[in-house]
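K.L.:
Produce the complete structure using the sequences and hints provided.
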Amino acid sequence: MTPTIISKELLPLNNKLRKPMVEKMRRDHMNSSIEQLKCLLAPEFLKQQPDSKHEKADILEMTLNFLQCSHAVNQGFSRCVDEIVHFLSKDEMKTQSQRRLLKHFQNLQTSCEQNRRESVLPDQKTFSKEINVNKSAIWRPW
1 MTPTIISKEL LPLNNKLRKP MVEKMRRDHM NSSIEQLKCL LAPEFLKQQP DSKHEKADIL
61 EMTLNFLQCS HAVNQGFSRC VDEIVHFLSK DEMKTQSQRR LLKHFQNLQT SCEQNRRESV
121 LPDQKTFSKE INVNKSAIWR PW
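The letter at position 81 of the sequence shown is residue 81 when you use full-length UniProt numbering, and the numbering goes up by one with no holes.
No lab work stands behind these hints: they were computed from the structure.
Note that the structure is predicted; figures quoted are calculated from it, not measured.
Just so it is clear, CB atoms sit at the ideal spot from N, CA and C, and this is done for glycine as well.
Please note: incorrect hints may appear among the correct ones.
Derived pair list, reagent style EDC-like, types lysine to aspartate or glutamate, alpha-carbon separation capped at 20 Å [said to hold, decoys possible]:
#	residue 1	residue 2
1	Lys-53	Glu-35
2	Lys-47	Asp-58
3	Lys-56	Asp-28
4	Lys-56	Glu-23
5	Lys-103	Glu-92
6	Lys-56	Glu-83
7	Lys-47	Asp-28
Label-pair distances were calculated between CB atoms; the ranges are [to be verified]:
#	residue 1	residue 2	range
8	Ser-33	Gln-68	14 to 20 Å
9	Arg-26	His-104	45 to 51 Å
10	Arg-26	Gln-106	43 to 49 Å
11	Asp-82	Lys-24	48 to 54 Å
12	Ser-97	Arg-27	57 to 63 Å
13	Phe-66	Asn-14	40 to 46 Å
14	Cys-69	Glu-92	23 to 29 Å
15	Cys-69	Glu-23	31 to 37 Å
P.N.:
Spelled out as structure tokens, the structure:
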């Protein structure tokens, strides 16, 4: 391919024409993502306000609340599994069913710990640091 020579007068014009298109693509991408969140949280929206139109900020806020509640539920479940394993481990296992029950909860405990490590919600300081690190992961239309 031969290099294309673009005059200096056409560059600003090209950028001026491209900027609104890029901005529209960016807004379309955000709107699409917010619409997907709205579809995922549809049952939650029906509980809150079934007939009202939801603003984008409402959708994002409800998503955040849902994720925080989900995280709290997962932490509570993991804590319960830890307590069960601790309780069952105290006594000697006399029966086959007790040993199977302990093994089941130990496996569940392992998977809970793995999920905890994978889906930890970062605190605000950690989150801002991760944003700077993951800038390459941000969707860009250009």
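K.L.:
Work down the list of hints and note, for each, if the structure agrees.
P.N.:
A quick look at each hint next to the structure:
Between Lys-53 and Glu-35, the direct Cα distance comes to roughly 12 Å. Compliance with the 20 Å bound is thereby established for this hinted pair. A distance of roughly 14 Å separates the Cα atoms of Lys-47 and Asp-58; the hinted pair therefore holds under the 20 Å criterion. As the CA atoms of Lys-56 and Asp-28 are separated by approximately 13 Å, the hinted pair is consistent with the 20 Å bound. Between Lys-56 and Glu-23 the CA atoms are separated by roughly 18 Å; this keeps the pair inside 20 Å, and the hint holds.
Using a Cα cut-off of 20 Å, the hinted pair Lys-103 and Glu-92 holds, with the two alpha carbons roughly 13 Å apart. In summary, the hint linking Lys-56 to Glu-83 is not supported, as the alpha carbons are separated by about 41 Å, beyond the 20 Å threshold. A threshold of 20 Å between alpha carbons decides the hint, and for Lys-47 with Asp-28 the separation of about 28 Å lies outside it, so the pair is violated. A hinted range of 14 to 20 Å for the beta carbons of Ser-33 and Gln-68 is consistent with their spacing of about 19 Å.
With their beta carbons about 49 Å apart, Arg-26 and His-104 fall inside the hinted range of 45 to 51 Å. Distance hint check for Arg-26 and Gln-106: the Cβ-Cβ separation is about 48 Å, which falls inside the suggested range of 43 to 49 Å. For the hinted restraint 48 to 54 Å between Asp-82 and Lys-24, the CB-CB distance of approximately 50 Å keeps it satisfied. Between Ser-97 and Arg-27 the beta carbon distance is about 59 Å. The supplied range of 57 to 63 Å therefore holds.
Our hint of 40 to 46 Å for Phe-66 and Asn-14 holds, since their Cβ atoms are close to 43 Å apart. Restraint check, Cys-69 to Glu-92: a C-beta distance of roughly 39 Å breaks the suggested window 23 to 29 Å. For Cys-69 paired with Glu-23, a C-beta distance near 34 Å keeps the hint of 31 to 37 Å intact.
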